[in-house]
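Protein chains: 2
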Amino acid sequence: MIAEIITIGDEILIGQIVDTNSAHIAQELNKIGVSVHQITSVEDEHQHILTTLKEASKRADIILITGGLGPTKDDITKTALCEFFEDTLERDPQVLAHVEAIFAKYINHPISGINRDQALVPTKAIALHNDYGTAPGLWIRKGEKVYIAMPGVPFEMQSLLEREVLPRLIKEFKRPFIYHKTIRTYGLGESAIADRLETWEDNLPTHIKLAYLPSYGTVRLRLSGKGLEEQALKTSVEKEFEKIYPLLSDIIADVNGENEDITITIRQLLEKKGMYLAVAESCTGGELATKFTKNPGASNSFKGGLVTYATQAKEDILNVSHSLIEKDSVVSKSVAEEMAKNAKKLFKADYAIATTGNAGPEKGDSEAEVGTVFIGIATPEKVFSEEFKFGRSGDQVVNKTVNKALELLLKELLS
Amino acid sequence: MIAEIITIGDEILIGQIVDTNSAHIAQELNKIGVSVHQITSVEDEHQHILTTLKEASKRADIILITGGLGPTKDDITKTALCEFFEDTLERDPQVLAHVEAIFAKYINHPISGINRDQALVPTKAIALHNDYGTAPGLWIRKGEKVYIAMPGVPFEMQSLLEREVLPRLIKEFKRPFIYHKTIRTYGLGESAIADRLETWEDNLPTHIKLAYLPSYGTVRLRLSGKGLEEQALKTSVEKEFEKIYPLLSDIIADVNGENEDITITIRQLLEKKGMYLAVAESCTGGELATKFTKNPGASNSFKGGLVTYATQAKEDILNVSHSLIEKDSVVSKSVAEEMAKNAKKLFKADYAIATTGNAGPEKGDSEAEVGTVFIGIATPEKVFSEEFKFGRSGDQVVNKTVNKALELLLKELLS
Numbered sequence: 001m002i003a004e005i006i007t008i009g010d011e012i013l014i015g016q017i018v019d020t021n022s023a024h025i026a027q028e029l030n031k032i033g034v035s036v037h038q039i040t041s042v043e044d045e046h047q048h049i050l051t052t053l054k055e056a057s058k059r060a061d062i063i064l065i066t067g068g069l070g071p072t073k074d075d076i077t078k079t080a081l082c083e084f085f086e087d088t089l090e091r092d093p094q095v096l097a098h099v100e101a102i103f104a105k106y107i108n109h110p111i112s113g114i115n116r117d118q119a120l121v122p123t124k125a126i127a128l129h130n131d132y133g134t135a136p137g138l139w140i141r142k143g144e145k146v147y148i149a150m151p152g153v154p155f156e157m158q159s160l161l162e163r164e165v166l167p168r169l170i171k172e173f174k175r176p177f178i179y180h181k182t183i184r185t186y187g188l189g190e191s192a193i194a195d196r197l198e199t200w201e202d203n204l205p206t207h208i209k210l211a212y213l214p215s216y217g218t219v220r221l222r223l224s225g226k227g228l229e230e231q232a233l234k235t236s237v238e239k240e241f242e243k244i245y246p247l248l249s250d251i252i253a254d255v256n257g258e259n260e261d262i263t264i265t266i267r268q269l270l271e272k273k274g275m276y277l278a279v280a281e282s283c284t285g286g287e288l289a290t291k292f293t294k295n296p297g298a299s300n301s302f303k304g305g306l307v308t309y310a311t312q313a314k315e316d317i318l319n320v321s322h323s324l325i326e327k328d329s330v331v332s333k334s335v336a337e338e339m340a341k342n343a344k345k346l347f348k349a350d351y352a353i354a355t356t357g358n359a360g361p362e363k364g365d366s367e368a369e370v371g372t373v374f375i376g377i378a379t380p381e382k383v384f385s386e387e388f389k390f391g392r393s394g395d396q397v398v399n400k401t402v403n404k405a406l407e408l409l410l411k412e413l414l415s
Numbered sequence: 001m002i003a004e005i006i007t008i009g010d011e012i013l014i015g016q017i018v019d020t021n022s023a024h025i026a027q028e029l030n031k032i033g034v035s036v037h038q039i040t041s042v043e044d045e046h047q048h049i050l051t052t053l054k055e056a057s058k059r060a061d062i063i064l065i066t067g068g069l070g071p072t073k074d075d076i077t078k079t080a081l082c083e084f085f086e087d088t089l090e091r092d093p094q095v096l097a098h099v100e101a102i103f104a105k106y107i108n109h110p111i112s113g114i115n116r117d118q119a120l121v122p123t124k125a126i127a128l129h130n131d132y133g134t135a136p137g138l139w140i141r142k143g144e145k146v147y148i149a150m151p152g153v154p155f156e157m158q159s160l161l162e163r164e165v166l167p168r169l170i171k172e173f174k175r176p177f178i179y180h181k182t183i184r185t186y187g188l189g190e191s192a193i194a195d196r197l198e199t200w201e202d203n204l205p206t207h208i209k210l211a212y213l214p215s216y217g218t219v220r221l222r223l224s225g226k227g228l229e230e231q232a233l234k235t236s237v238e239k240e241f242e243k244i245y246p247l248l249s250d251i252i253a254d255v256n257g258e259n260e261d262i263t264i265t266i267r268q269l270l271e272k273k274g275m276y277l278a279v280a281e282s283c284t285g286g287e288l289a290t291k292f293t294k295n296p297g298a299s300n301s302f303k304g305g306l307v308t309y310a311t312q313a314k315e316d317i318l319n320v321s322h323s324l325i326e327k328d329s330v331v332s333k334s335v336a337e338e339m340a341k342n343a344k345k346l347f348k349a350d351y352a353i354a355t356t357g358n359a360g361p362e363k364g365d366s367e368a369e370v371g372t373v374f375i376g377i378a379t380p381e382k383v384f385s386e387e388f389k390f391g392r393s394g395d396q397v398v399n400k401t402v403n404k405a406l407e408l409l410l411k412e413l414l415s
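Chains as they are written, first to last, in my numbering: chain R, 1 to 415; chain W, 1 to 415.
Don't read these hints as lab results, they were simulated from the structure. The structure presented is a predicted model; accordingly, all values stated were derived computationally and were not measured. Any given hint might turn out to be false.
A short list of chain R residues far from chain W (calculated; beta carbon distances all over 10 Å) [unchecked claim]:
1. H98
2. A104
3. L128
4. H129
5. R141
6. P176
7. N203
8. E230
9. E367
10. E381
Listed below are the simulated DSS-like cross-link pairs for lysine-lysine, each with C-alpha atoms no more than 25 Å apart in a straight line [to be verified]:
11. K31(R) x K58(R)
12. K348(W) x K327(R)
13. K294(R) x K333(W)
14. K226(W) x K209(W)
15. K73(R) x K243(W)
16. K105(R) x K389(W)
17. K411(W) x K345(W)
Cβ atoms here follow ideal geometry from the backbone N, Cα and C, with glycine treated the same way.
Modelling step: build the complete structure from the supplied sequences, incorporating the hints.
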């Protein structure tokens, strides 16, 4: 069962928005055993959309389209679909009622003709209810294939996909099983890992593939198997997975690496201990706090954080002593440790992470070389810190600091 | 001059990473007058890569490829390019010296055969120096077209694009001029704006297009013109732009809307006044601080922030009185104002933003309905707050809160 995703919209092609929809759709399809073989982004241009639809239908069984369903003149997905299916638009009374209800309830200006036109639906399509917006999704079955159009606004698309699209796909299509197993490693590069795995990788059965997913100091290794029998598939993937373990045991930090987000693993460990985390951030500027708070239920393990971007805030709020900063400089081992220790105390937490460094491009409040970072960790028993040199590029320094800080904390929680 | 982007890698097709490279490349190409007509993401699969290359070369003059240049077995871009161009790989001594130097300087394990193979380059390609990694970029000219391969690691790709690829494209290709003009509006939906602009939009010259870029409570409107004469193009776009102004004057918040990032506008205004901002975040969990710190030079206008996720932290660190929280609840107008006022004082700032609300999905420390948010703003003269109902979905609530908070602050700075 092969799917393709087509995202429509000039804003993607000129780079004003990043297409996050495709990754979300691909993830969800993968979970139900549908493989995405291609993602194509094209402009709001009638002929180009038609060509793309034609090409995709030669290759795929399921074609998912996002974008171009809005009420404005640059939204032309519906008319393109009408030409593709030799169809016409007709007002759907149920959709119209929904659009009118949304306007009555949430929008403080009168409904207009173009709002009502959101209820125009190709006659060959089933309109899919959009809980969060006025543009319905469309489900068009043609022979063995299905074409699904969804709005481009991420949360509208996500809700439609979950409530309307996935259940229909599960009901109407037979799918093979897909099984992934991912581990997270730290401290060794992609090629050094590949060296260790070479013999094993050469002998992998053909239905199992290995992928390397490097990201700022960590490499996740993902085994993906595909097969018609669920139990046999799982067994074979798990068997290969167990062979990796002894080859990499010194660098594996997280066996539960399915989740791209390591903070979920950390949270589970904290909750199990009934303990809390706080963060004090300088060079990471709020990224650590954001990482912990962006998943629901964070308040069960996360007390909060301080972003002490100005040196003065480190002194006034975090109580790092002025003389220590004068003596060792704000980017130093002692300040990182003091920040961690004091953040733990201030937030009444059990663990704390502190970051202080120079992410560049300018040198800021410190004379430390760009890329120099100290990470401090406070645990219930001790405080320690490590120094890192993360190179030149600003973004890279922040991301590497975040990942390294999470690695250090995870190791403490596991030890 | 038409470009296409091809991103290669299973990790994109199974949704484990979001393809941010394409947006970056598209943005940079647009700036030099190269339009991207299609972005295609395909798996690490030899035949599929070949087909995609063939199709892209039918449509585009410039084909940019990212991904699949790493040292591991799933990296097959180079061999696919060799087959496409009927070429072979040859060791490039300069690239080899660079790979060896990187290993000697940064990597604490010995160089191996597969690391050295990073220096294998198709004989018809020019190797482009990769400052941050071992995989070189490739530049292959064939007749009027050029094929450019870059590594998929974002910061390696970005540096290669900036230093090696764009200067070559500017030198070797004649390009039309592209001119964008974008404004940011607040408080009116896409379709209501479209209603107001209908007559004007119908009369737009064909070389100018209007796009609506909605994002959690704001809509940016972008006029894009394309033409061979720079001055005439600018004049015609500016002329149309001036016609929009009277139609939308009540909802325009930022004429300088080119920048997707409104915090840059805010920062410029703060710096001009010589004033500083601080933030106190509850439901936004660090997102506001991150937004302000992620651009270089933030320390000239941003003091720092507090993420008081736990109610207790609001009392202990932000000095919000226990009795006030008891009386009005933690999600309330008075707490939002107290947080803003105290954050301003604590950080010795001139302005402060505070957020407190219930982003869901669970109710958390407060009984407030999910989606209820109070935003407090402290200025040098006053403190005020507003209540909002941002609907159900967690992500949506956080993003809408961030955008609304930035809007409120911007209005204060402009008033």
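Quick rundown of the hints versus the structure:
1. H98: 15 Å, holds
2. A104: 14 Å, holds
3. L128: The assertion about L128(R) holds, with a minimum of 17 Å to chain W.
4. H129: 15 Å, holds
5. R141: R141(R) clear of chain W: closest Cβ-Cβ about 24 Å, beyond 10 Å.
6. P176: 14 Å, holds
7. N203: 12 Å, holds
8. E230: For E230(R), whose nearest Cβ neighbour in chain W is about 18 Å away, the distance exceeds 10 Å, so it holds.
9. E367: Given that every Cβ of chain W is farther than 10 Å from that of E367(R), nearest at about 15 Å, it holds.
10. E381: The assertion about E381(R) holds, with a minimum of 22 Å to chain W.
11. K31(R) x K58(R): Satisfied, since the Cα-Cα distance of roughly 24 Å is no more than 25 Å.
12. K348(W) x K327(R): Holds. K348(W) to K327(R) sits at ~24 Å (cutoff 25 Å).
13. K294(R) x K333(W): Given pair K294(R), K333(W) holds - Cα atoms ~24 Å apart, limit 25 Å.
14. K226(W) x K209(W): 9 Å, holds
15. K73(R) x K243(W): Roughly 18 Å between the alpha carbons, so the hint for K73(R) and K243(W) holds.
16. K105(R) x K389(W): 12 Å, holds
17. K411(W) x K345(W): Holds, at roughly 21 Å.
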